[in-house]
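> Model the full structure from these sequences, guided by the hints.
Going by the working numbering, the residue at position 89 of the sequence shown is 78; the numbering climbs one at a time, nothing skipped.
Keep in mind that the hints are not guaranteed to be accurate.
[Said to hold, decoys possible] Result set (SDA-like, lysine to any residue): computed pairs, CA atoms no more than 20 Å apart in a straight line: (1) Lys13 / Ser54; (2) Lys4 / Ile27; (3) Lys22 / Ser(-7); (4) Lys13 / Ser89; (5) Lys22 / Asp0; (6) Lys13 / Met(-10); (7) Lys22 / Ala46; (8) Lys13 / Ile27; (9) Lys22 / Met(-1); (10) Lys22 / Gly81; (11) Lys22 / Leu70; (12) Lys13 / Trp45; (13) Lys13 / Phe(-6); (14) Lys55 / Val12; (15) Lys13 / Gly81; (16) Lys22 / Asn3; (17) Lys22 / Gln66; (18) Lys55 / Leu88; (19) Lys76 / Asp23; (20) Lys4 / His15; (21) Lys13 / Asn75; (22) Lys55 / His15; (23) Lys13 / Pro(-8).
[What the hints assert, rightly or not] Just the calculated beta-carbon pair ranges, DEER-fashion: (24) Met(-10) / Pro35: 39 to 45 Å; (25) Lys22 / Trp45: 21 to 27 Å; (26) Lys74 / Met(-10): 35 to 41 Å; (27) Leu88 / Ser(-7): 16 to 22 Å; (28) Met(-10) / Trp45: 40 to 46 Å; (29) Asp0 / Gly37: 14 to 20 Å; (30) Pro51 / Asp0: 21 to 27 Å; (31) Asp0 / Ser59: 19 to 25 Å; (32) Ala36 / Asp0: 33 to 39 Å; (33) Asp53 / Lys22: 22 to 28 Å; (34) Asp(-5) / Glu80: 18 to 24 Å.
The hints are simulated quantities; they were obtained by calculation from the structure and are not laboratory data. Note that the Cβ used here is the ideal one computed from N, Cα and C, for glycine as well.
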Amino acid sequence: MRPSFDEIYMDLANKLAMRSHCVKMHVGAVLCKDTRIISLGYNGPPAGTHNCDEEWAEHGCPRDSKGGCSLAIHAEQNAILYAAKNKASMEGSTLYVTLSPCLLYLLCWN
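Spelled out as structure tokens, the structure:
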């Protein structure tokens, strides 16, 4: 049986989550349009900074006032920002994420 594109993209999002350097949570995201991948992302610190699993291996990075990671960028944010940076049209696209996406980014995206 051939897998559906939904299954393929969610499998890929799960694999991408394994790339995360976050100690607390691993999240992956795939942004697709018309059966084509526009962008990928996973949660973690901005490129060129630090890796939480190396710098704070036991407990993870410092937490913000709500208990969230104070340094990482969300997987869906990474995928959307990369697509925007490369001027890819996201209109009509689908975002596959391994965790409920942050409402702030979904409101900005729509």
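> Which hint numbers doesn't this structure obey?
6, 7, 8, 13, 15, 21, 23, 25, 29, 30, 31, 32, 33
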